[in-house]
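Visitor: Residues per chain, in single letters:
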Amino acid sequence: MRERPAWATGVCAGLYAAGCRDAVYVPDNQLSHVLAEIGERYRDVRLALATREEEAVGIAAGLYLGGRRPAVLLQSSGLGNALNAVTSLVVPYQIPMLIVVSMRGDVGEWNAAQVPMGRAVRPILDAIGIAHATIESPADAERIVALTAATAFGTRMAAACLVPRRITSAPAP
Amino acid sequence: MTRLEATRVVVSAAGEAPIVASLGHPAYDLFAAGDRPQNFYTWGSMGMASSIGLGLALAKPEARVYVVDGDGALLMNLGSLATIGLLRPPNLVLVVMDNGAYATTGGQSSPTALGADLEAAARAMRVEAATVRTEDDLRARLIGERREPLVVVAKVSESAPTARPPLDCVFIKQRFMAAIGNPEAAAHVAGRA
Chain Z
1 MRERPAWATG
11 VCAGLYAAGC
21 RDAVYVPDNQ
31 LSHVLAEIGE
41 RYRDVRLALA
51 TREEEAVGIA
61 AGLYLGGRRP
71 AVLLQSSGLG
81 NALNAVTSLV
91 VPYQIPMLIV
101 VSMRGDVGEW
111 NAAQVPMGRA
121 VRPILDAIGI
131 AHATIESPAD
141 AERIVALTAA
151 TAFGTRMAAA
161 CLVPRRITSA
171 PAP
Chain H
1 MTRLEATRVV
11 VSAAGEAPIV
21 ASLGHPAYDL
31 FAAGDRPQNF
41 YTWGSMGMAS
51 SIGLGLALAK
61 PEARVYVVDG
71 DGALLMNLGS
81 LATIGLLRPP
91 NLVLVVMDNG
101 AYATTGGQSS
111 PTALGADLEA
121 AARAMRVEAA
131 TVRTEDDLRA
141 RLIGERREPL
151 VVVAKVSESA
161 PTARPPLDCV
171 FIKQRFMAAI
181 GNPEAAAHVA
191 GRA
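Heads up: the protein sequence lines correspond to chains Z and H, in order. Everything in the first sequence is counted per my numbering, starting at 1 for the first residue and increasing by one. Everything in the second sequence is counted per my numbering, starting at 1 for the first residue and increasing by one.
I should point out that these hints are in silico values taken from the structure, not numbers from a laboratory. Values in this document were obtained by computation on a predicted structure and should not be read as measured data. Hints may be right or wrong, so weigh each one.
[Stated by the list, open to error] Here are a few chain H residues that face chain Z, going by a calculated C-beta distance under 8 Å:
(1) 44
(2) 45
(3) 48
(4) 80
(5) 87
(6) 170
[Unchecked claim] Some residues of chain Z that are not near chain H, with every Cβ distance over 10 Å (derived):
(7) 4
(8) 45
(9) 122
(10) 143
Yeah, the Cβ is synthetic: ideal placement off N, Cα and C, and Gly gets one too.
Modelling step: build the complete structure from the supplied sequences, incorporating the hints.
Guide: As structure tokens, then:
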């Protein structure tokens with residue numbers, strides 16, 4: 001088994017500690033480490049693949065209504081796909097969920113098509129009233145994810161944890 | 001059958017089970033057919049009713065979960081059928097009120113008016129599906145034990161609803177969660193422990 005990057009194991013430990021036992025996701029290259037870690041080490045976390053990020057948010061909302069503490073895993077580009085569900089379901093109904101955002105378009109990006117949305121992620125989250133925190137180092141990942149989730153489920157509002165590209169694309173030590 | 005008549009059949013079949021309604025006329029007709037705490041009325045997020053129902057069905061395998069969707073709304077989230085076909089919760093029943101129109105926004109024709117077939121779309125995604133045109137046929141599809149999720153496309157005429165569900169989204173949510181056995185206040189306190 002290949003060793004997983006510390007940020008990814010930290011993200012999983014954080015969401016597990018926060019009580020998330022459901023993770024709805026749309027695949028992303030960096031998040032593949034998180035998905036593999038959950039699949040191997042957190043067998044009681046149910047992974048659910050969605051076809052589109054907005055759908056993932058809708059499924060997560062239903063999971064919360066049913067008494068679960070859902071996490072949504074997506075790439076920053078997919079936040080744009082999810083916005084209508086976030087702004088017209090999650091925010092007005094005060095439905096909490098942990099949203100883990102694998103960032104694209106920030107420093108370290110090579111693909112110009114990723115940059116505009118990547119630059120817009122924080123201003124958009126601020127504009128719609130979604131709290132967000134950024135993982136600044138791999139060692140911080142578990143704590144920041146757990147804190148973000150605690151904020152979401154404590155205040156009954158979705159909260160986002162951003163994983164920058166400088167963390168996810170760094171070569172393994 | 002009108003959409004209101006079809007919705008009354010769903011409410012009757014549901015008993016105490018939760019019903020998630022798509023925004024606009026499907027939600028208005030659900031309210032008119034019988035307001036109950038187990039009704040989750042959406043006021044936005046067009047297309048998300050089937051996804052909310054899917055998540056709810058996964059969270060509560062012991063409960064049958066009904067969704068009252070619209071043809072235009074399902075077309076906005078057609079990938080939902082693929083995900084239902086993938087995750088296959090046996091307790092999910094998705095009733096698509098297919099009037100061939102975007103009735104809430106003024107009655108513009110939808111693709112189903114020209115033959116787009118949502119039953120075939122569901123089947124193509126490995127979801128059992130049927131199309132019904134009468135209340136009796138709809139009722140017959142909704143009763144009985146199930147081992148697979150089900151999509152029922154109900155061909156309906158417009159019922160021009162006038163009543164409106166409560167506008168307070170948080171009220172709708174908290175009433176719903178309490179009625180289906182997940183009172184939010186209790187979850188909140190437990191979360192702090």
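Visitor: Evaluate each hint against the coordinates.
Guide: Cross-check of the supplied hints:
Look at residue 44/H: its Cβ gets to within about 3 Å of chain Z, closer than 8 Å, so that hint holds up. Evaluation of the residue 45/H hint against chain Z yields a held restraint, the C-beta minimum of about 4 Å falling below 8 Å. Taken as an interface hint, residue 48/H checks out: its beta carbon lies about 4 Å from the nearest beta carbon of chain Z, inside 8 Å. Taking 8 Å as the C-beta contact cut-off toward chain Z, the hint placing residue 80/H at the interface holds, the least distance being around 6 Å.
Look at residue 87/H: its Cβ gets to within about 6 Å of chain Z, closer than 8 Å, so that hint holds up. Because the beta carbon of residue 170/H sits about 5 Å from the nearest beta carbon in chain Z, less than 8 Å, this interface hint is met. The beta carbon of residue 4/Z is kept farther than 10 Å from every beta carbon of chain H, the shortest such distance being approximately 25 Å. A cut-off of 10 Å between C-beta atoms confirms that residue 45/Z is not in contact with chain H; the least separation is 13 Å.
Every C-beta of chain H lies more than 10 Å from that of residue 122/Z, the closest at about 23 Å, which supports listing it as non-interface. Distance check for residue 143/Z against chain H: the nearest CB is about 18 Å away, which clears 10 Å, and the non-interface claim stands.
In the structure shown, no violation is registered for any of the earlier numbered hints.
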